[in-house]
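Colleague: Those sequence lines, one after another, are chains L and G.
Position 34 of the first sequence, counting from 1, maps to 34 under my numbering, and the rest follow consecutively.
Position 109 of the second sequence, counting from 1, maps to 1109 under my numbering, and the rest follow consecutively.
In case anyone wonders, no lab produced these hints; they're calculated from the structure.
Do not rely on the hints blindly, as some may be mistaken.
Once the Cα atoms are required to be at most 27 Å apart in a straight line, the calculated DSSO-like pairs of lysine-lysine come out as [as the list claims (entries may be wrong)]:
1. L:Lys3 / G:Lys1214
2. G:Lys1096 / L:Lys253
3. L:Lys3 / G:Lys1177
4. G:Lys1214 / G:Lys1051
5. G:Lys1051 / L:Lys209
Per the computed footprint, the stretches of chain G lying under chain L, defined by three or more beta-carbons under 8 Å from a beta-carbon of chain L, are [unchecked claim]:
6. 1104-1118
7. 1198-1206
This one's a predicted model, so the numbers in the text were calculated from it and none came from an experiment.
Built from N, CA and C at the ideal position, the CB exists for glycine as well.
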Amino acid sequence: MDKPVNQGAWLLVLPVLLIVAFSAIVPLMTVVNYSVQDTFGNNQFFWNGIGWYQELLDPSTDLGGRFFDALWRNLLFSFLILAIEVPLGIAVALSMPRQGWRVAATLVVLALPLLIPWNVVGTIWQIFAREDIGLLGWVVNHLGIPYNYTADPLSAWVTIVTMDVWHWTSLVALLCYAGLRSIPDAFYQAARIDGASRWAIFRNIQLPKMRRVLLIAVLLRFMDSFMIYTEPFVVTGGGPGNSTTFVSIDLVKLALGQFDLGKAAALSIVYNLIILAVCWVFYTVMTRMDSGRS
Amino acid sequence: MLRARIVLGLYIGFLLLPIYWLVNMSLKTNSEIVSGLTLWPHTLTFENYTKIFTDPSWYSGYINSLQYVALNTVLSIALALPAAYAFSRYRFVGDKHLFFWLLSNRMAPPAVFALPFFNLYSAIGLFDTPFAVALAHCLFNVPLAVWILEGFMSGVPREIDETAYLDGYGFPHFFVKIFTPLVASGIGVTAFFCFMFSWVELLLARTLTSVDTKPIAATMTRTVSAAGMDWGLLAAAGVLTIVPGALVIWFVRNYIAKGFALGRV
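This is chain G alone, in the form it adopts within the complex (with noise of 0.2 Å):
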């Protein structure tokens, strides 16, 4: 017990680390930052965060990215709910490559995508709307939902859809009445990976914005090339980036481990 202790104390530790750093230096003056390695601030500051929530440049980075974010995990589950009841409940022509199929386009880099997305977002108009950024994270987003949901709906005995017919449910009816609610915690899971894939993703998100709905995480990487460094100004927005993650894990903290139990993540 104690050896277990030890491991898991010096690898939160090791996590948390660089983390406090990162906090530690949001709390600082520029001036105290480059002088010399403080491992508090002593000099106590909120002036980079207030800068922050005062200056549209930087919030409208925080609004962009929630945007896109809400509206591809929006998205991804609601495509997702029907094709991953297909999967859980029936088999058809096709269905375990298809299957594969969708699973590999959750493995597929990024990387390549970035210039044609840019090709495509542009043709058809899309481009620099939170909309492109939603589509695209759709890719791989979309075969993720799909893979958990059957995890959850296959868990829910075929019974109670056979009982539901005979009562004379439609089929509509039905699973928006009776089966939905049923796996509401497996959507809730979804919900959870969905939001943080597309909330992590920049290479995409930022190939396909350039003024008007520039994620946050870009409008960092930006503003440092430009105004030479500003290191606690950009602490300080690395820290911000960490709160809605942090915000969302502590609502979901006891359906995390259900969703990783099903070995779908």
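Next up, chain L with everything else stripped away, as it sits in the complex (with noise of 0.2 Å):
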């Protein structure tokens, strides 16, 4: 790639900048200037230093104790949502069909709940699965298996997790298609007359075509998991108890409904950077792995 140096270019993207600036620094300024402040009410604001953060990342404080419990919570739900999502999306990305009517129909129907918004998603788990008047709850109870998502915990998250799953497993699985349709067909027909096996094939031609789209799906189902609000939120309310409380869910509480700013700001802070950090990592895996394939 020789692109030619031209610093003209970035009149071009000065009005990314400028909008991206404006909704991303503006409102983060304000968060760090919550952070290092506390509040008594009657918009009097006190000089707190780094001491939010100290409560947070110590977790035998109350403050502490909360976000590291909602911390761990997230981080095993993340993996459960990326153990289960992705094998699931490359099987059903080897069954789609490759030609013919059935390509466009079965992409419309797999792409169908991408296209709900969440606390719809929300709402079709939270009746689907409610054992009075939801099939799935329904059906459960009868075969004679406890099953309450309000009231018992693991209920929750079993609830949570098929519900991410049936939300989300059709992305992993598009990407893994669109993988594959970029290999040509003379590399089945060569496998094919080496009489390489099933196995041998996905092994040797189909995953290493996929390894990149795959990247992108684990690093967008990671992120999208590990800040996910609107549907447990909607579906058990964090609940029972703490039991399904993520890192949204406990910061949406501390900001927006016990006003806690100094609190709620250094937590989004910590989660932020969190973040930031992690899509690092990706991008630098990334584009190491592009430079190496040019």
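Reassemble the complex: the two chains are provided individually, in unrelated frames, and hints are given to aid placement.
Modeller: As structure tokens, then:
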């Protein structure tokens, strides 16, 4: 790639820079500002230095304990999501038809959950999993398995994980499918002539071609599950107890529920930094893969 | 082949069952819903839908949502086009860092921004207007649009630009008349994803609106808590939020695979 150097290109980037700076930097400055102050109401603020951060990062305090609980819960959730959605997404992508009218039909059906507003996704599962009027909850309970997502933490987790699998596996599947489409037929023919097994084809032809899209799928699924808010909030409201209170839910409770601005702001900053760090790792790996390829 | 069909069949069944249940419920009367589980509506009713289409407090929610989604899509693409061109054609000081910073905003948790956005848009007097939500959604949609468009633009050979400049086209003229039509399918894909992410987001949209421009998704949550549980109405409203998305997918179905193929979503 021999792109010419042209500093004038900054002019073309400027509008984007301004709008994103307006919606990202200005609010973040407000957050930083709140995070080092304390207030007793009446818009009077006092300098608090790094007090909130110390409290937040110390698991023995109230705030810190709450934050680390939500964080571990959230990481466990993200891990489960990746462990289920990535293999399932690959399996679905490998099963998709390659030509004919069924391709378009399958694509449309698969994309459907992605286009449903997130709170409606929550509503759908809230109804579907209820033991009295929901098909899933009713069937499971009539099979003799006690299942009630409003009272039992395990049921709540099962509901939320199943909901996320329902909601987002299609994204992984569509990404993998796109990666598979870029494999020329000649590869498969050569493999058939060599008498390669189904597994060998997957391992040596399909998986390497999907590597890049899989990386993106893992990144997107990790990020979105790490900042999940609306869907579990609609279904369980973070409960029963705190068993499904993820970091975003906790943050909104702190900020908009209790108006604990300092604590919420410090939490926001730490939360953002974690995400930025993960993002940077992925970006570095991805650019390295790109330059290794060309 | 048979195994593939079974896997796909089961998965599609899993996807469609909860949606079927919602549709099923939206066509029932409330007394049927609470009286017990029925697999299809025994007393078919369209009353829930009629209510939504005749009551302004319901249907205005759809209009509000579509308003800010459309505004955001247009805004995101208009801003992202020149930027994506710059990233795909030139190197400049800080380009890689800028690109990373833009992308990192796509990953920023909306929960972090809810409160500061509320303060910011109240301060500049845009609170409770479609502009507030449209601008707020630019936070993640503009970087996304730049990312997708950059991929499509890099696929257009650079010789085309050079020939056009030699023929005496100025940049604005070239960009609008020649280059933009060349990436039309890319713009289609971008519009689809901008629409999608703006349409499904609720946290910011709800925080930045109160009365006049309440999005449909928020109308749903409020009405439920206020009127007890009107399950049929809730289900009908849910079904209607699926419709615009389904229409959009149907129109761009041939481009979606292409957009995903770039690995840029």
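Colleague: Next step is simple, just say for each hint if it's right about the structure.
Modeller: Tested hints:
A distance of roughly 46 Å separates the Cα atoms of Lys3 of chain L and Lys1214 of chain G; the hinted pair therefore is violated under the 27 Å criterion. Note on Lys1096 of chain G and Lys253 of chain L: the hinted pairing is violated, with a Cα-Cα distance of about 36 Å set against a maximum of 27 Å. For a cut-off of 27 Å, the pair hint linking Lys3 of chain L to Lys1177 of chain G stands: about 23 Å separates their Cα positions. Proximity of Lys1214 of chain G to Lys1051 of chain G is assessed by CA-CA distance (about 18 Å); at most 27 Å being required, the pair is judged to hold.
Taking the CA atoms of Lys1051 of chain G and Lys209 of chain L, the gap is near 51 Å; set against the 27 Å cutoff, the hint is violated. A count of 13 residues in the stretch 1104-1118 of chain G with a Cβ less than 8 Å from any Cβ of chain L is obtained; the coverage claim is therefore met, three being the minimum. Against chain L, the stretch 1198-1206 of chain G contributes 5 residues with a C-beta closer than 8 Å to a partner C-beta. That satisfies the three-residue criterion, and the hint holds.
The structure is inconsistent with the numbered hints 1, 2 and 5, although it conforms to all the rest.
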